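Chemist: Sequence:
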Amino acid sequence: MAKIVASSETAQTLGALRSRHSTGYYVRTIGARLLKHGVILAFCAFFLLPWVWMTTTSLKTPEQVFRLPVEWVPDPVHAINYWDAFFGDPNQPLLLYIRNTVVIAVFSIIGAVLSNTLIAYGFACIQWPGRDKVFLIVLATLMLPFQVRMIPLYLVFKNLNWINTYLPLIVPTFFGSAFFIFLLRQFFKTLPRELFDAAYIDGASDLGILFRVVLPLVRPAIAVVALFEFINSWNDFLGPLLYLNDKLKFPIALGLRNMQNAYGIADFGRIMAASTVTVLPIVILFFFAQRTFIQGVTFSGLKG
236 MAKIVASSET AQTLGALRSR HSTGYYVRTI GARLLKHGVI LAFCAFFLLP
286 WVWMTTTSLK TPEQVFRLPV EWVPDPVHAI NYWDAFFGDP NQPLLLYIRN
336 TVVIAVFSII GAVLSNTLIA YGFACIQWPG RDKVFLIVLA TLMLPFQVRM
386 IPLYLVFKNL NWINTYLPLI VPTFFGSAFF IFLLRQFFKT LPRELFDAAY
436 IDGASDLGIL FRVVLPLVRP AIAVVALFEF INSWNDFLGP LLYLNDKLKF
486 PIALGLRNMQ NAYGIADFGR IMAASTVTVL PIVILFFFAQ RTFIQGVTFS
536 GLKG
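Every position in the sequence shown, counted from 1, becomes a number in my numbering once 235 is added.
Hints listed in this document are in silico derivations from the structure and should not be mistaken for laboratory results.
Among the hints, erroneous ones may be present.
To be verified - Taking lysine-lysine pairs in the PhoX-like style, the calculated list, with each CA pair at most 20 Å apart, reads:
1) K482 - K393
2) K424 - K368
3) K484 - K393
Claimed, not checked - Pair by pair, the computed Cβ-Cβ distance ranges are:
4) L270 - L442: 50 to 56 Å
5) R384 - T264: 50 to 56 Å
6) N394 - W307: 50 to 56 Å
Source: prediction; values computed, not measured.
Built from N, CA and C at the ideal position, the CB exists for glycine as well.
All chains should be modelled from the sequences, with the hints used to inform the complete structure.
Modeler: Rendered as C-alpha coordinates:
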(Lines of atoms letter the chains of each structure in order from A and count residues from 1; the text may use other names and numbers.)
(Lines give C-alpha, C1' and ligand atoms only; values in the text may rest on other atoms or scores of the structure.)
Protein backbone atom coordinates (compact mmCIF):
# COMPACT_ATOMS: atom_id res chain seq x y z
CA MET A 1 0.00 0.00 0.00
CA ALA A 2 2.80 2.39 0.92
CA LYS A 3 4.51 1.65 -2.38
CA ILE A 4 1.34 2.51 -4.31
CA VAL A 5 0.99 5.85 -2.46
CA ALA A 6 4.68 6.66 -3.08
CA SER A 7 4.43 5.87 -6.78
CA SER A 8 1.29 8.01 -7.04
CA GLU A 9 3.04 10.97 -5.39
CA THR A 10 6.03 10.50 -7.71
CA ALA A 11 3.78 10.50 -10.77
CA GLN A 12 2.06 13.68 -9.58
CA THR A 13 5.44 15.35 -9.01
CA LEU A 14 6.68 14.36 -12.48
CA GLY A 15 3.44 15.60 -14.03
CA ALA A 16 3.78 18.95 -12.29
CA LEU A 17 7.39 19.27 -13.46
CA ARG A 18 6.39 18.42 -17.03
CA SER A 19 3.58 20.97 -16.89
CA ARG A 20 5.94 23.69 -15.63
CA HIS A 21 8.53 22.80 -18.26
CA SER A 22 5.88 22.81 -21.00
CA THR A 23 4.51 26.18 -19.85
CA GLY A 24 7.98 27.70 -19.71
CA TYR A 25 8.79 26.37 -23.17
CA TYR A 26 5.66 27.87 -24.70
CA VAL A 27 6.27 31.20 -22.96
CA ARG A 28 9.83 31.34 -24.31
CA THR A 29 8.68 30.33 -27.79
CA ILE A 30 5.92 32.93 -27.91
CA GLY A 31 8.27 35.58 -26.53
CA ALA A 32 10.89 34.79 -29.18
CA ARG A 33 8.31 34.96 -31.95
CA LEU A 34 6.92 38.26 -30.69
CA LEU A 35 10.43 39.70 -30.52
CA LYS A 36 11.26 38.50 -34.04
CA HIS A 37 8.06 39.88 -35.54
CA GLY A 38 8.50 43.12 -33.62
CA VAL A 39 11.97 43.61 -35.09
CA ILE A 40 10.67 42.81 -38.59
CA LEU A 41 7.81 45.30 -38.20
CA ALA A 42 10.24 47.96 -36.96
CA PHE A 43 12.46 47.49 -40.03
CA CYS A 44 9.42 47.56 -42.32
CA ALA A 45 8.23 50.80 -40.75
CA PHE A 46 11.71 52.30 -41.08
CA PHE A 47 11.87 51.57 -44.82
CA LEU A 48 8.21 52.38 -45.57
CA LEU A 49 8.16 55.70 -43.74
CA PRO A 50 9.88 57.72 -46.54
CA TRP A 51 7.51 56.24 -49.13
CA VAL A 52 4.47 57.06 -46.97
CA TRP A 53 5.75 60.59 -46.42
CA MET A 54 6.30 61.05 -50.17
CA THR A 55 2.81 59.76 -50.97
CA THR A 56 1.06 61.94 -48.40
CA THR A 57 3.07 65.00 -49.44
CA SER A 58 1.94 64.45 -53.03
CA LEU A 59 -1.63 65.05 -51.83
CA LYS A 60 -0.93 68.31 -49.98
CA THR A 61 -1.10 71.98 -50.85
CA PRO A 62 2.12 74.03 -50.58
CA GLU A 63 0.90 75.38 -47.23
CA GLN A 64 0.26 71.88 -45.84
CA VAL A 65 3.71 70.61 -46.82
CA PHE A 66 5.51 72.71 -44.18
CA ARG A 67 2.80 72.68 -41.53
CA LEU A 68 3.85 71.40 -38.09
CA PRO A 69 3.07 68.95 -36.65
CA VAL A 70 3.22 66.83 -39.79
CA GLU A 71 -0.16 65.85 -41.26
CA TRP A 72 0.10 62.20 -42.27
CA VAL A 73 -3.48 62.29 -43.58
CA PRO A 74 -3.93 65.46 -45.66
CA ASP A 75 -7.14 67.40 -45.10
CA PRO A 76 -8.23 68.43 -47.65
CA VAL A 77 -6.70 66.03 -50.19
CA HIS A 78 -5.05 67.96 -53.03
CA ALA A 79 -5.02 65.25 -55.72
CA ILE A 80 -4.69 67.81 -58.50
CA ASN A 81 -0.92 67.63 -57.93
CA TYR A 82 -0.89 64.49 -60.08
CA TRP A 83 -2.69 66.24 -62.93
CA ASP A 84 -0.27 69.16 -62.65
CA ALA A 85 2.71 66.79 -62.65
CA PHE A 86 1.63 65.31 -65.99
CA PHE A 87 0.01 68.25 -67.75
CA GLY A 88 0.58 71.37 -65.66
CA ASP A 89 3.75 72.59 -67.35
CA PRO A 90 4.52 71.87 -71.03
CA ASN A 91 8.18 72.66 -70.34
CA GLN A 92 8.34 69.75 -67.86
CA PRO A 93 6.79 66.83 -69.84
CA LEU A 94 6.59 63.98 -67.35
CA LEU A 95 5.08 61.61 -69.93
CA LEU A 96 8.00 62.32 -72.26
CA TYR A 97 10.47 61.60 -69.45
CA ILE A 98 8.74 58.28 -68.78
CA ARG A 99 8.77 57.37 -72.47
CA ASN A 100 12.48 58.16 -72.73
CA THR A 101 13.19 55.99 -69.69
CA VAL A 102 11.18 53.08 -71.11
CA VAL A 103 13.13 53.26 -74.39
CA ILE A 104 16.46 53.18 -72.55
CA ALA A 105 15.30 50.40 -70.21
CA VAL A 106 13.95 48.12 -72.96
CA PHE A 107 17.11 48.21 -75.07
CA SER A 108 19.31 47.92 -71.97
CA ILE A 109 17.42 44.81 -70.85
CA ILE A 110 17.84 43.23 -74.28
CA GLY A 111 21.57 43.96 -74.25
CA ALA A 112 22.08 42.76 -70.68
CA VAL A 113 20.20 39.48 -71.17
CA LEU A 114 21.89 38.60 -74.47
CA SER A 115 25.47 39.49 -73.57
CA ASN A 116 25.57 38.25 -69.99
CA THR A 117 23.86 34.95 -70.85
CA LEU A 118 26.41 34.15 -73.57
CA ILE A 119 29.40 35.21 -71.48
CA ALA A 120 28.26 33.38 -68.35
CA TYR A 121 27.58 30.24 -70.38
CA GLY A 122 31.12 30.37 -71.72
CA PHE A 123 32.56 30.67 -68.23
CA ALA A 124 30.36 27.98 -66.66
CA CYS A 125 29.79 25.28 -69.27
CA ILE A 126 32.60 25.40 -71.83
CA GLN A 127 36.15 24.28 -71.07
CA TRP A 128 38.92 26.48 -72.51
CA PRO A 129 42.46 27.38 -71.38
CA GLY A 130 42.67 30.15 -68.78
CA ARG A 131 38.93 30.25 -68.21
CA ASP A 132 39.08 30.63 -64.43
CA LYS A 133 41.83 33.26 -64.57
CA VAL A 134 39.87 35.37 -67.04
CA PHE A 135 36.80 35.01 -64.83
CA LEU A 136 38.78 36.37 -61.86
CA ILE A 137 39.85 39.35 -63.97
CA VAL A 138 36.20 39.98 -64.85
CA LEU A 139 35.26 39.85 -61.17
CA ALA A 140 38.05 42.28 -60.35
CA THR A 141 36.30 44.93 -62.44
CA LEU A 142 33.60 45.03 -59.75
CA MET A 143 36.07 47.03 -57.65
CA LEU A 144 36.03 49.87 -60.20
CA PRO A 145 32.96 52.06 -59.59
CA PHE A 146 31.40 54.11 -62.36
CA GLN A 147 32.82 57.30 -60.85
CA VAL A 148 36.33 56.04 -61.60
CA ARG A 149 35.50 55.14 -65.21
CA MET A 150 33.18 57.95 -66.18
CA ILE A 151 35.80 60.45 -67.44
CA PRO A 152 37.55 57.93 -69.75
CA LEU A 153 34.15 56.71 -70.94
CA TYR A 154 33.01 60.25 -71.59
CA LEU A 155 36.11 60.95 -73.70
CA VAL A 156 35.57 57.74 -75.68
CA PHE A 157 31.92 58.52 -76.36
CA LYS A 158 32.76 62.11 -77.22
CA ASN A 159 35.24 60.93 -79.86
CA LEU A 160 32.50 58.68 -81.24
CA ASN A 161 30.07 61.65 -81.38
CA TRP A 162 27.67 59.84 -79.08
CA ILE A 163 27.19 62.66 -76.57
CA ASN A 164 23.56 63.80 -76.22
CA THR A 165 22.34 60.45 -77.53
CA TYR A 166 21.11 57.30 -75.78
CA LEU A 167 23.97 55.19 -77.16
CA PRO A 168 26.32 55.67 -74.15
CA LEU A 169 23.51 54.42 -71.91
CA ILE A 170 22.54 51.42 -74.06
CA VAL A 171 25.59 50.12 -75.96
CA PRO A 172 27.68 49.19 -72.84
CA THR A 173 24.96 46.76 -71.76
CA PHE A 174 25.71 44.67 -74.87
CA PHE A 175 29.25 44.00 -73.56
CA GLY A 176 28.34 42.35 -70.28
CA SER A 177 28.39 43.24 -66.61
CA ALA A 178 30.65 41.53 -64.08
CA PHE A 179 27.86 41.20 -61.52
CA PHE A 180 25.36 39.72 -63.98
CA ILE A 181 28.02 37.37 -65.39
CA PHE A 182 28.77 36.11 -61.88
CA LEU A 183 25.06 35.74 -61.08
CA LEU A 184 24.29 33.69 -64.20
CA ARG A 185 27.49 31.64 -63.99
CA GLN A 186 26.60 30.53 -60.47
CA PHE A 187 23.15 29.49 -61.68
CA PHE A 188 24.58 27.59 -64.66
CA LYS A 189 26.90 25.73 -62.27
CA THR A 190 23.89 24.20 -60.49
CA LEU A 191 22.73 22.40 -63.65
CA PRO A 192 23.54 18.65 -63.76
CA ARG A 193 26.53 17.83 -65.95
CA GLU A 194 24.66 14.79 -67.28
CA LEU A 195 22.40 17.10 -69.30
CA PHE A 196 25.38 18.46 -71.22
CA ASP A 197 26.90 15.01 -71.74
CA ALA A 198 23.63 13.65 -73.11
CA ALA A 199 23.28 16.61 -75.46
CA TYR A 200 26.86 16.18 -76.71
CA ILE A 201 26.17 12.48 -77.37
CA ASP A 202 23.12 13.48 -79.42
CA GLY A 203 25.36 15.71 -81.53
CA ALA A 204 24.29 19.11 -80.19
CA SER A 205 26.69 22.04 -80.48
CA ASP A 206 27.50 24.42 -77.62
CA LEU A 207 25.02 26.99 -78.89
CA GLY A 208 22.44 24.26 -79.44
CA ILE A 209 22.82 23.16 -75.83
CA LEU A 210 22.48 26.76 -74.67
CA PHE A 211 19.25 27.44 -76.53
CA ARG A 212 17.62 24.00 -76.26
CA VAL A 213 18.75 22.76 -72.85
CA VAL A 214 20.09 25.57 -70.69
CA LEU A 215 17.82 28.55 -71.37
CA PRO A 216 14.55 26.76 -70.49
CA LEU A 217 16.09 25.85 -67.11
CA VAL A 218 17.55 29.24 -66.20
CA ARG A 219 14.55 31.49 -66.75
CA PRO A 220 14.45 32.61 -63.08
CA ALA A 221 18.06 33.83 -63.24
CA ILE A 222 17.48 35.60 -66.56
CA ALA A 223 14.39 37.23 -65.07
CA VAL A 224 16.52 38.49 -62.18
CA VAL A 225 19.02 40.01 -64.63
CA ALA A 226 16.19 41.70 -66.53
CA LEU A 227 14.68 43.00 -63.30
CA PHE A 228 17.99 44.37 -62.02
CA GLU A 229 18.77 46.01 -65.36
CA PHE A 230 15.33 47.60 -65.48
CA ILE A 231 15.81 49.04 -61.99
CA ASN A 232 19.29 50.31 -62.89
CA SER A 233 18.02 51.98 -66.06
CA TRP A 234 14.92 53.40 -64.41
CA ASN A 235 16.84 54.92 -61.49
CA ASP A 236 19.98 55.95 -63.37
CA PHE A 237 20.79 59.59 -62.72
CA LEU A 238 24.54 60.02 -63.10
CA GLY A 239 24.81 58.49 -66.58
CA PRO A 240 22.13 60.67 -68.21
CA LEU A 241 23.47 63.70 -66.34
CA LEU A 242 26.89 63.05 -67.87
CA TYR A 243 25.88 62.26 -71.45
CA LEU A 244 22.61 64.12 -72.16
CA ASN A 245 22.19 67.85 -72.73
CA ASP A 246 18.80 68.12 -74.41
CA LYS A 247 15.97 68.35 -71.84
CA LEU A 248 13.60 66.59 -74.22
CA LYS A 249 15.84 63.49 -74.03
CA PHE A 250 16.00 63.35 -70.23
CA PRO A 251 14.90 60.12 -68.50
CA ILE A 252 12.68 60.24 -65.45
CA ALA A 253 15.42 60.57 -62.79
CA LEU A 254 17.02 63.55 -64.52
CA GLY A 255 13.60 64.96 -65.35
CA LEU A 256 12.67 65.04 -61.66
CA ARG A 257 15.80 67.05 -60.92
CA ASN A 258 14.86 69.41 -63.73
CA MET A 259 11.35 69.78 -62.28
CA GLN A 260 12.79 70.60 -58.88
CA ASN A 261 14.99 73.33 -60.33
CA ALA A 262 12.07 74.78 -62.26
CA TYR A 263 9.40 74.67 -59.55
CA GLY A 264 11.45 75.48 -56.49
CA ILE A 265 10.36 74.94 -52.92
CA ALA A 266 6.73 76.04 -53.39
CA ASP A 267 5.73 73.05 -55.54
CA PHE A 268 6.87 70.09 -53.45
CA GLY A 269 3.41 68.56 -53.78
CA ARG A 270 3.78 68.39 -57.56
CA ILE A 271 7.34 67.07 -57.30
CA MET A 272 6.29 64.37 -54.81
CA ALA A 273 3.40 63.39 -57.09
CA ALA A 274 5.85 62.90 -59.96
CA SER A 275 8.18 60.97 -57.62
CA THR A 276 5.35 58.67 -56.53
CA VAL A 277 4.50 57.92 -60.16
CA THR A 278 8.18 57.20 -60.77
CA VAL A 279 8.43 54.68 -57.93
CA LEU A 280 5.21 52.80 -58.69
CA PRO A 281 6.47 50.72 -61.68
CA ILE A 282 9.36 49.30 -59.65
CA VAL A 283 7.10 48.51 -56.68
CA ILE A 284 4.50 46.81 -58.89
CA LEU A 285 7.14 44.89 -60.83
CA PHE A 286 8.82 43.56 -57.70
CA PHE A 287 5.46 42.71 -56.12
CA PHE A 288 4.49 40.44 -59.02
CA ALA A 289 8.00 39.09 -59.69
CA GLN A 290 9.25 38.61 -56.14
CA ARG A 291 9.01 34.80 -56.26
CA THR A 292 11.09 34.63 -59.43
CA PHE A 293 13.50 37.21 -58.03
CA ILE A 294 14.08 35.33 -54.76
CA GLN A 295 14.34 31.97 -56.53
CA GLY A 296 16.93 33.26 -58.99
CA VAL A 297 19.10 34.90 -56.33
CA THR A 298 18.87 31.84 -54.04
CA PHE A 299 19.86 29.28 -56.69
CA SER A 300 22.66 31.51 -57.96
CA GLY A 301 24.54 31.11 -54.70
CA LEU A 302 24.28 27.34 -54.32
CA LYS A 303 27.48 26.36 -56.10
CA GLY A 304 30.85 28.03 -56.52
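Chemist: Just to be sure I understand the hint, the distance between the Cβ atoms of L270 and L442 should be within 50 to 56 Å; is that true here?
Modeler: Hint holds: Cβ distance 54 Å, inside 50 to 56 Å.
Chemist: Between K482 and K393, does the CA-CA distance stay at or below 20 Å?
Modeler: 19 Å, holds
Chemist: Using the Cβ atoms, figure out if R384 sits within 50 to 56 Å of T264.
Modeler: 52 Å, holds
Chemist: Measuring from beta carbon to beta carbon, are N394 and W307 in 50 to 56 Å?
Modeler: 53 Å, holds
Chemist: Next pair to validate is K484 with K393; report whether the Cα-Cα distance is within 20 Å.
Modeler: This hinted pair holds, its Cα atoms lying about 17 Å apart.
Chemist: Going straight from one Cα to the other, do K424 and K368 come out at no more than 20 Å?
Modeler: 17 Å, holds
Checked against the numbered hints given earlier, the structure satisfies every one of them.
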